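Mind docking chain Y on chain C? Use the hints.
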Amino acid sequence: MSVTTARAIVTADDLDAVRDDYIERTKDVDFTIMLCSGAGCLSSKAGEIAEALERELAAAGLAERTLVKYTGCIGACGLGPALIADPDGVFYCHLKASDVHELVTEHLLNGRVVEHLCYHDLETGQAVPKFDDIPFFARQRRIVLRNCGRADHDDLGEYVARGGYRAALKAMTEMTPKGVVDEVLTSGLRGRGGGGFPTGRKWAMAAAKPDREKYVICNGDEGDPGAFMDRSVLEGDPHSVIEGMLIAGYAIGASHGVVYVRAEYPLAVERLETALGQARAVGLLGENVFGTEHSFDIEIRIGAGAFVCGEETALMSSVEGRRGEPHQKPPFPSDMGLFRRPTIINNVETLANIAPIIAEGGEWFASIGIAGSSGTKVFALAGDIENTGLVEVPMGISLGEVIFDIGGGVPNGRQFKVAQTGGPSGGCLTAAHLNTKIDYDSLVKLGAIMGSGGLVVMDTNTCMVDVAKYFMQFCADESCGKCVPCRIGTTRMLEILTRITKGEGREGDVEKLAELCDVVRDTALCGLGQTAPNPILSTIRYFREEYDEHIRDHYCRAGVCSDLFVAPCVNACPAHVDVPGYLSLIAAGRPLDAYRLIRQENPFPSVCGRVCTHPCELACRRGQLDEPVDIRAVKRYAADVAYESGAVGAEAIPRQRDGSIGIVGAGPSGLTAAYYLRLSGYDVDVYEQQPVAGGMLAVGIPEFRLPKGSLQREIDTIRVTGVRIQTGVEVGRDVSFDELMARHDALYLAVGTQVSWTLGIPGEDLPGVVHGLDYLRQVNLGGASPEQGSVIVIGGGNTALDAARTALREGAEKVTILYRRRVMEMPAAAEEIAEAREEGIEIRELVAPVAIETAGDRLTVRCRRMGLEGFSDDGRRRVVPSPDEEESFTADLVIPAVSQFVDSAFTEPAAVRISSVGTFEVDSRTSMTNVPGVFAGGDAMRGPDVVIDAIADGKAVASSIDRYLGGDGELWKGPAIDVPEPWIDDDDTREHGRFGMCYLDPEKRARSYDEVALGYHRVDAVAESLRCLHCDRR
Amino acid sequence: MTTTELPPASLNRAAGSDSSDDLSDEVRARLREIVAEHRARPDELIQVLHEAQALLGWLPHETLSIVASEMGLPYSRVRGVVTFYSLFNTKPRGRHTINACQGTACYVRGGRDVLDKLSETLGIEQGETTPDQAFSLAVVRCVGACGLAPVVTVDDDVHKRVNPNKINDVLEGYDR
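Line order of the protein sequences matches chains C and Y. Heads up: the first sequence is residues 1 to 1034, going by the working numbering. Heads up: the second sequence is residues 1035 to 1210, going by the working numbering.
So that you can see chain C by itself, here it is in the shape it has in the complex (with noise of 0.2 Å):
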């Protein structure tokens, strides 16, 4: 709706008349509707929408009573298309066209809100109808973009009646330009195109310039991958940057102004062109503005690829007509620029608070902020990141807040890794930093800058080195080619980092490059070579050991390096099973070879295949498309045929080598460790103080989650190889330590964490209280458990989960968890956690117990209820306590299972060193104690770990202890299996989400221990194995 007015507009009374022109035409509104026409919407067929709506509108004869705006950008760019629906301020989002006949029947005729329209909370998955009730604007300060959403970025009418041109009017009718200039000097106002230079002070100095030509320029180059900020103000409020460029021009006294803008930005250079012709109609532009001696007109140049143009020297050369090479300054464009005249060169978004400024006047726009860094800050959230848009948030907000709360937190349950800003000038910002207050001087000590305000969030599936090279290409793209040191220096970082990435890297890459980094950045030419160097310092800086891990160990963690792994599934399994290689023989109808293959890398298939964390599966590619390949429950289907047919027997041992080994501990990691030990031809011990080999295994997890027996006939898998296992042995009191190191030539600390951590409370010493690992020994080991009724256990880890749902079946009326931080935070896995809410056991998330009391023959546990604020290291919310608000529980049990710890005391005797959290310390690459010949690995070395990790830890131990012996520490994996090759159609692929794995009714197995997941048919175990897309072949 662009109705502008012919009047021409000279004084207050102009203005006020196009005011209230805008108000009587739109007074018989019954309705308005904000349909966001941002770039982003408008790719998402906006366009069809605001069509849908004229007739739909017409259709119901409401066309005269509604008023349709097309707006700017509402900034919630992932919701889109949206609108805002007013008087009741309704946000609707991810509309389509077909959507809008309910849309204006229901809401608009009959006054009812169209819930599934809406947004709904992530957490709860309620519908949040109010716009002022949704987190993502709430949160938000919008001066920049105070007409984006809201006005239609046609209607200058609209711009005036909102107070648009008053400030203009005043600063030149009522203020000198010297006012004018103080007022923003007072603003504290900096530079919002990632300089940061106070604008008022870059104003003084060309205003000082006796010059009588003088130019305005607006960098509308936003060449930042990631930031569309500029974008949005130029296309939804154009007028905006046209006030605050007349108020520049009038400060410095300029009468020419040039917008340039980047070519792939048309839809900007459209909107602007239309908005400046609108002003020049009615003498906004031109000669005499406001009845003054001053001029003032805008012409828009554009760019044409080139990210080097967004240097201001770069870009006044451009503008020229020129190659956009940059030049030295001084001359600074204030004294010398365009054309060779005193020029001020001002980002888009620096410009838009100009009017504000002025008007609300400079000591207010100093208030909002915090000092060194006042007002606001447009970021343009993008990546992984749930809500991707733009938000406009206080300087001083915290980078935690901005992600987390605004932005929603990582999806799809990943977890966050970094937010790197500035784009390829910028750093990475880590999960230590989330309590950081965003401002320009705090970033740049964290070694990253504010820059643009593109903010891209990335999760751990990101890899550090990956990065910097994506952004030195960009970088050694863009280089103009002037100076040497950025011409030849980005090349030469590229080349060092692209070697890293393809496994070539070398011992001293990383010095060469943090060398090359000073150079270029203390020698180069412009801003882009100088700042080229930041991502490279920036992730040196906190991941430097995954740059290690390339050049050493030839291993991108984040499995994003594809020159360095077969595929992403084997490369995440910290064993390295050759997963693509099983789902081939599965698909064959092969299971047994299919087991025999896993063996050759994990032992325990049937364990692993029930109960593994599967970091194969959140890398699997398969995701992408539809849902991760359930490798697990392939495995596990192979496992149990292959134990089923009776055809796994003894392997022949092959060699035979001089070594006797003892291992303490017949966990997974310890029982791994002796398989391969005894494979290469050892003679392996295995001392076990449990009654059961297993570790956690058998004393920890359930029988519902693995069953004793597929766990007993796979540990005799390993005990038919010749390995002698000796339960009941406890070293330190049936054997000594000092007698272990006499026996053998090597040892395996392998014990786990057998000792539970205690709350620290009063009352956790009275009968009834049972720590959560003692509680599962003994259910598992067949003993008697105690009185149960009801029963409430604290923590939310795997052993919480497990000794909950224990105690289900062991007859507990109702079973209660409390833990102190949010469920969604919980380190248990999330499907433990979902299965253990179907079988009706309630979760109570941030309460934490202060002391356990009796009352009569039974226990209460009282509580404090927490709040959060800000983050820990970790990346995990702070917890505290709320003052004065407490809740108490009672029950017949209570199972505190708060983490556990080593019982190391058995190594005294050698002094084995521990660390500060209890765990055998070890070189990382030998995993050796300090005492020579002893090793350990697994939950003992770890803390509290994963079952893969103590297999994978068993296999490094086993080549360790190996190659201290004098082998060459290569592990005998048995004979080759030929692996055929996969049956794919690319063309074919078709969606189809995983074959579904079965499970017990919810009800029924909450109180047996019949095993839970009933594991695949033949049927579904190939259909699901012919779903994996063979990453491997390449």
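Hints in this document: simulated from the structure, not taken from any laboratory. Being a predicted model, the structure only gives us computed values, none of them experimental. This list has only true hints and no planted wrong ones.
Simulated DEER-style distance windows between Cβ atoms:
1. C:Thr498 to Y:Glu1206: 30 to 40 Å
2. C:His101 to Y:Glu1067: 46 to 56 Å
3. Y:Arg1129 to C:Asp20: 50 to 60 Å
4. Y:Glu1067 to C:Glu495: 40 to 50 Å
5. Y:Asp1203 to C:Arg499: 29 to 39 Å
6. C:Arg544 to Y:Ser1110: 40 to 50 Å
7. Y:Glu1067 to C:Glu504: 50 to 60 Å
8. C:Glu825 to Y:Lys1200: 28 to 38 Å
9. Y:Tyr1208 to C:Asp21: 42 to 52 Å
10. Y:Asp1209 to C:Glu24: 47 to 57 Å
11. Y:Arg1129 to C:Glu825: 51 to 61 Å
12. C:Arg487 to Y:Asp1191: 31 to 41 Å
Cβ coordinates follow ideal geometry from the N, Cα and C atoms, glycine included.
Frame of chain C, contents of chain Y only:
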């Protein structure tokens, strides 16, 4: 303002332009009109080149020669500008231009896989055109639609949240 000696067209051929760079009379006339509008302002060269490129989708040697001589600029200056900016093409384009965005947000959301899949499906590398002249594949660094990453534009259409396993969905509908 002197007329400059134009380098022989054969030089340009060696630089890799198409053999058929003879402009039609109609195009020449249109081109002269475009230049005439900006003749007085040599600093508007980039604008002129954008409009000139819109005529054929690329900038053949003769086009640049005409621009240079009519605007009174050395040919080398015009060529220097053309080769500096990535949006100017000195080779003919396919009927449809595919731009795979490799901006940060798109990269983080799988943009590299999208580009690789496009390359594989079309059988060409970035910067090249399919033999049947239907598609040209290029890379662009951020079109400002980061909320819809990963993004691929085909001519003026913006395809959002492109799935590398569904590249054919993107290419469908464009006549070959």
